[in-house]
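Colleague: Go ahead and model the full structure; you've got the sequences and the hints to work with.
Residue numbers (numbering that gives the first Met the number 0), protein chains in the order written: chain G, 0 to 360; chain X, 0 to 360; chain B, 0 to 326; chain R, 0 to 326.
Note that these hints are calculated values from the structure, not bench results.
As the structure is a computational prediction, the values presented were derived from the model and not from experiment.
Hints may be right or wrong, so weigh each one.
[Unchecked claim] Simulated crosslink set (PhoX-like; lysine-lysine; CA at most 20 Å straight-line):
#, chain 1, residue 1, chain 2, residue 2
1, B, 22, G, 142
2, R, 20, R, 1
3, B, 51, G, 142
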Amino acid sequence: MKTLPPIQYLDQEGQPSQPCPEWCNKPDWLLRCYHYMVLARQFDTKAIALQRTGQLGTYASLLGSEGIDVPVALSMKPSDVLVPYYRNHACQIIRGMPLEEAFLYWGGDERGNSSDQMGEDFPNAVPIATQSLHACGVASAFKIRNQKRAAVTFIGDGGTSKGDFMEALNVAGVWQLPVVFIINNNQWAISIPRQIQSAVAQLADKAVAAGIPGIQVDGNDPIAMHEAINNALNRAHEGKGATLIEAISYRLGDHTTADDATRYRSNDELKAAWERDPIKRLRNFLALQNFWDESKEQALLQETHQLVQEAANKYIEISPQKIDSIFDYLYAEPNNQLIEQKDWAIVKAMQGGSHYEGESS
Amino acid sequence: MKTLPPIQYLDQEGQPSQPCPEWCNKPDWLLRCYHYMVLARQFDTKAIALQRTGQLGTYASLLGSEGIDVPVALSMKPSDVLVPYYRNHACQIIRGMPLEEAFLYWGGDERGNSSDQMGEDFPNAVPIATQSLHACGVASAFKIRNQKRAAVTFIGDGGTSKGDFMEALNVAGVWQLPVVFIINNNQWAISIPRQIQSAVAQLADKAVAAGIPGIQVDGNDPIAMHEAINNALNRAHEGKGATLIEAISYRLGDHTTADDATRYRSNDELKAAWERDPIKRLRNFLALQNFWDESKEQALLQETHQLVQEAANKYIEISPQKIDSIFDYLYAEPNNQLIEQKDWAIVKAMQGGSHYEGESS
Amino acid sequence: MKHNVCLLEAVNLALASEMRKDKEVVILGEDVGVNGGVFRATANLRDEFGLKRVMDTPLAETMIAGVSIGMASQGLKPIAEIQFMGFIFPALEQIICHAARLRNRTRGRLSCPLVIRAPFGGGIHAPEHHSESTEALLAHIPGLKVVVPSSPARAYGLLLAAIRDPDPVIFLEPKRIYRSQQQEIEDNANALPIGSCFTLREGSDITLVSWGAMITETLSAAEALADEGVNCEVIDVATISPLDVETILISVRKTGRLVIIHEAPRTGGVGADISAIVAEQALLDLQAPVVRVTGYDTVMPYFRLEKHYLPNSQDIIDAVKQTVEFV
Amino acid sequence: MKHNVCLLEAVNLALASEMRKDKEVVILGEDVGVNGGVFRATANLRDEFGLKRVMDTPLAETMIAGVSIGMASQGLKPIAEIQFMGFIFPALEQIICHAARLRNRTRGRLSCPLVIRAPFGGGIHAPEHHSESTEALLAHIPGLKVVVPSSPARAYGLLLAAIRDPDPVIFLEPKRIYRSQQQEIEDNANALPIGSCFTLREGSDITLVSWGAMITETLSAAEALADEGVNCEVIDVATISPLDVETILISVRKTGRLVIIHEAPRTGGVGADISAIVAEQALLDLQAPVVRVTGYDTVMPYFRLEKHYLPNSQDIIDAVKQTVEFV
Ligand SMILES: Cc1ncc(C[n+]2csc(CCOP(=O)(O)OP(=O)(O)O)c2C)c(N)n1
Ligand SMILES: Cc1ncc(C[n+]2csc(CCOP(=O)(O)OP(=O)(O)O)c2C)c(N)n1
Ligand SMILES: [Mg+2]
Ligand SMILES: [Mg+2]
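Modeller: Structure (structure tokens):
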């Protein structure tokens with residue numbers, strides 16, 4: 000197996016390492032992309048701050064994935080379906096999830112998965128790799144119904160070791176499903192480095208096992224990601240089947256706020272990774288193209304900061320769900336036991352309430 | 000991915016399609032191999048006959064796998080460990096499982112897995128692909144203990160779609176385990192043909208996803224199989240890690256005696272497959288080499304027939320296990336409930352026995 | 000149109016009936032297509048409904064469950080077949096973590112109207128792993144419904160209900176009685192209610208509660224006991240989850256005595272739940288301790304000894320006698 | 000040597016102690032190596048015992064279980080960590096079909112001396128799937144043992160016993176009390192018995208039976224009730240399977256009243272078994288219906304509402320009062 004370097008247009012300084020596609024001469028897409036990358040990072044900073052002050056639960060930072068998620072979200076059609084793992088808030092936000100609901104999810108409230116703006120997108124999948132199969136099911140529905148839509152699903156480098164990911168690639172291959180698999184290869188699965196996950200030359204080669212194309216892309220290069228995802232989506236929409244994209248990135252933060260990465264990885268490695276920061280890279284390129292300057296930067300930072308701050312305020316003010324909500328969504332119609340248990344729970348939450356007096360009927 | 004034809008020395012007429020290895024000029028190995036292939040087929044015929052007359056349970060015929068299993072068993076060292084699926088009786092018998100115990104297993108009796116002669120070999124695995132991971136665990140033990148041993152495990156073509164098979168390849172790759180995976184690609188998984196399982200060019204390519212070598216071999220050619228398994232075992236014994244061998248065969252019988260393959264596959268296909276019969280092929284080659292003639296054939300048929308007949312007789316005479324055996328092997332030490340339940344079961348089996356009088360203490 | 004069918008054929012009839020009515024219903028699983036299922040439950044459906052609605056899958060139960068969930072989220076109504084219940088375990092992560100939770104997790108934005116069918120239970124001299132009864136594992140999972148028919152008519156009516164149910168239903172088919180009983184049923188697309196017991200025989204002396212293939216043993220025990228003057232009320236639980244506690248309680252309040260019969264291992268079986276609920280909620284009505292007639296806390300033995308594992312009508316008779324004689 | 004440790008540290012102590020004594024003991028799992036486990040249960044073990052005995056695995060629970068079984072068949076004693084019990088489902092096929100059966104299937108020729116450790120239970124404001132209590136699923140599987148410690152000393156002694164056990168043991172660690180209680184324990188390699196309850200408090204009015212993190216709530220309820228003159232006997236089941244039925248029965252025969260407390264959903268929980276067994280075997284000793292204080296038959300809510308799901312000491316007090324007031 001000959002291994003090519005990942006597809007790249009911008010080097011880590013934001014200089015073209017090969018001629019960029021035509022559309023890069025216009026600012027439109029690039030500026031939108033940059034806007035969302037910065038917004039995502041502001042969201043991330045705020046989320047961590049909220050967690051540190053006890054106002055959010057365990058939070059999985061998106062730091063270092065902006066160059067992957069934002070181009071993907073911008074390339075997807077509204078009618079496509081996103082099937083995320085748990086680190087795709089950037090993608091979700093662009094697809095319509097209100098910022099405050101993104102906070103809400105990480106704040107331990109199911110309403111963070113419920114917003115109409117999320118359309119038919121799946122909520123976050125916490126059990127690793129399980130989402131890959133949902134994407135295949137969604138894509139199967141598209142295919143059965145002759146709809147020109149695609150499912151896009153993410154997974155981490157660690158997740159590719161789990162069998163269901165391979166089952167998903169396999170069924171996507173043999174059923175020629177309109178699905179795009181994106182590996183956010185951020186080099187770490189909590190404390191496990193990429194080379195301890197698999198001896199495969201590159202994770203993109205896992206596609207070989209399913210007879211689908213697999214490509215490796217520089218995930219810190221939004222232009223390369225745009226090209227890759229667009230090609231893959233076109234293939235899917237045209238009925239040509241699935242694609243696997245391995246996006247090379249780096250997890251710039253801890254695994255989650257519950258983790259301490261200094262226990263298992265070196266500062267040198269982290270420092271080197273920051274040199275490849277996708278935001279810096281795109282900003283440099285924008286500057287090079289004369290699409291960007293310091294005052295625009297300041298305005299953007301302020302604008303996004305304010306958006307995030309307002310969302311955080313809204314989040315904090317949202318009153319908790321009623322106790323009923325524990326019971327009300329389990330089935331379309333609750334059964335008798337559940338109705339009785341709901342009563343107990345409501346009574347129990349009252350000052351001095353006890354549900355036991357009435358129980359033995 | 001460029002796809003080479005499967006490795007082959009003998010064409011379907013038993014003529015060398017490329018120069019055979021040196022050792023084929025001597026009869027020793029070839030005759031042993033032929034002997035066991037014929038024995039295996041006799042066993043198979045008898046097992047089906049016993050099933051048809053109600054003396055055996057559902058039975059998975061080995062017909063068409065003789066060219067794979069026999070060379071593998073002959074190449075393995077006694078200290079290696081076999082981790083079979085449910086169609087490796089030929090391999091098991093050569094490794095020491097008494098013929099009557101092979102019948103016993105298919106006759107619905109756990110003693111078919113218990114014989115000392117099976118050493119540390121695993122019993123049959125019915126849940127597809129689960130055995131692949133056991134082989135990795137056995138191989139891990141060898142590696143941890145610095146033993147020069149290998150685990151050899153089989154799987155069907157259908158089984159390669161199940162995620163745990165890929166998890167096994169993956170861990171074998173990244174841990175460089177001394178394990179050999181053999182796919183008996185007999186073209187069918189019950190009614191599902193190979194091309195509906197996966198879009199992968201050849202099943203051997205699944206090895207790419209794990210960074211281990213994968214080769215495709217003509218599984219009806221015992222010489223090719225011998226070469227492949229020997230190389231793979233050498234690699235394993237020398238600490239060079241795992242190998243995946245895809246052996247191309249054909250399931251010449253029904254899936255099991257509970258199946259009726261005429262429902263889903265054509266007679267023409269079956270007829271063509273019989274042309275590739277591994278036994279015929281090796282016999283032709285033996286004759287070509289002047290190692291074989293009709294009288295030897297008749298003698299062998301008679302000898303193996305008798306061996307099988309004697310084993311069948313023994314099998315039929317074995318008295319059933321005691322009811323105690325349902326309880327006695329679950330734990331090293333039975334717990335109180337189990338001891339009580341064993342009593343119930345024993346009483347219940349007695350003429351007129353009822354365990355209920357004593358129950359409520 | 001009337002059909003004289005066995006349980007297996009009733010399943011096939013219900014599948015075909017609902018697929019004709021509802022274009023969103025699709026079938027997937029191993030060997031469900033050309034082969035029509037290893038038991039023939041999906042026979043001829045591929046011919047009638049085509050490749051897009053009757054899908055042979057690669058061999059991967061996790062995948063079958065996960066893909067079904069994705070389909071269901073789009074409003075299809077997948078009916079997935081797990082070839083034997085002993086092979087459902089790889090699907091449990093998807094069933095427990097996602098099928099059972101998708102509605103709750105999204106506050107109703109998405110839902111999961113799927114059916115997972117699997118033949119279960121022992122008694123047919125099958126190989127290892129082909130005779131399990133692990134319904135209790137599924138009954139413990141909030142968000143699922145678990146249904147077990149015990150006659151052709153109930154198979155037909157309950158399967159229709161399962162397919163139409165807006166939430167995930169595990170539909171377990173007692174393969175031991177797949178072909179043992181013929182029944183005249185009308186192919187009228189009428190569903191039976193999920194979540195209700197069926198009282199198969201009225202009686203005043205004792206309540207017998209069971210499900211699946213054990214219903215046959217239970218009914219024949221009741222028959223024999225009637226000859227001896229013991230009148231058994233026989234209740235087919237039919238829906239293992241959620242349990243129709245009321246019907247059972249009403250019966251036990253009447254009879255004062257209860258025997259529960261199931262094939263699964265005793266410890267942690269669904270019988271424990273029923274026994275506990277009855278003792279907790281009708282303690283003063285109980286005239287004798289509840290007795291459970293169950294499989295043992297062992298692995299189902301290979302088939303030569305399976306008859307010693309499976310409860311039979313004599314066991315039930317013995318337990319009933321002990322219970323009615325209790326003073 | 001004495002150590003003042005919390006439950007989590009006691010686990011670490013037991014692991015280190017047994018690894019020093021027995022060269023066949025190996026550890027494998029996700030992040031168990033350099034990182035020492037996400038909770039630090041395996042901290043420093045990699046440094047002391049090296050790469051060959053403390054193995055970071057690829058991310059694949061099915062694999063972890065399957066590889067452990069293969070290792071165990073060779074006489075190693077693998078201790079596999081499942082990072083959270085909510086992620087044990089992919090391992091169930093291996094656990095149920097093989098770990099629990101290898102000895103039985105081979106009539107003792109091969110065996111499976113492995114331990115699967117997993118933190119379980121709610122109450123730490125964790126994300127979804129990090130708070131499950133599905134011990135009942137495992138308790139229903141013949142061939143397994145299921146152990147739950149509820150104090151540092153019992154964690155230490157029971158984990159040693161689990162590792163030495165010749166059969167597979169599922170060892171569930173109540174993460175909510177991982178760090179809540181310090182206890183002086185002697186690192187003397189003494190195991191505690193698997194299969195026995197621990198009576199933590201003697202009392203004559205009522206029996207309270209619980210396990211895991213709920214023991215804390217139960218003990219504090221018992222304390223409060225003592226002030227009101229109700230003497231509770233508190234039993235830590237500790238081994239969920241096989242149940243020490245005797246100790247519970249003896250206690251209930253003495254007190255005549257029983258409240259069972261567990262976090263898991265009510266239906267199909269281990270509480271149902273205990274309630275059923277007591278009512279069946281000590282019906283005439285019961286002076287009041289058994290009451291179960293449990294989680295609801297719902298999915299564990301996201302953490303903002305989890306406190307409404309989890310039983311607490313007030314619930315236990317209420318249930319006890321109802322029970323002792325029953326006439
Ligand atoms: C089935 C399962 N096992 C274990 C976990 C615990 N866990 C959460 S994230 C994680 C590492 C994932 O790494 P990777 O796939 O590389 O994604 P990343 O977090 O790096 O983006 C683990 C082990 C889980 N969520 N699900
Ligand atoms: C996990 C699991 N799912 C389903 C089955 C039922 N089943 C038994 S054999 C078989 C087909 C296997 O085909 P293949 O792997 O090609 O092996 P072959 O029998 O052709 O040698 C199936 C689906 C099973 N035994 N285990
Ligand atoms: Mg990662
Ligand atoms: Mg096959």
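Colleague: Taking the hints in turn, state whether each one holds.
Modeller: Tested hints:
| no. | hint | verdict |
| --- | --- | --- |
| 1 | 22/B <-> 142/G | 14 Å, holds |
| 2 | 20/R <-> 1/R | 18 Å, holds |
| 3 | 51/B <-> 142/G | 9 Å, holds |
Violated hints for the displayed structure: none, as all numbered hints are satisfied.
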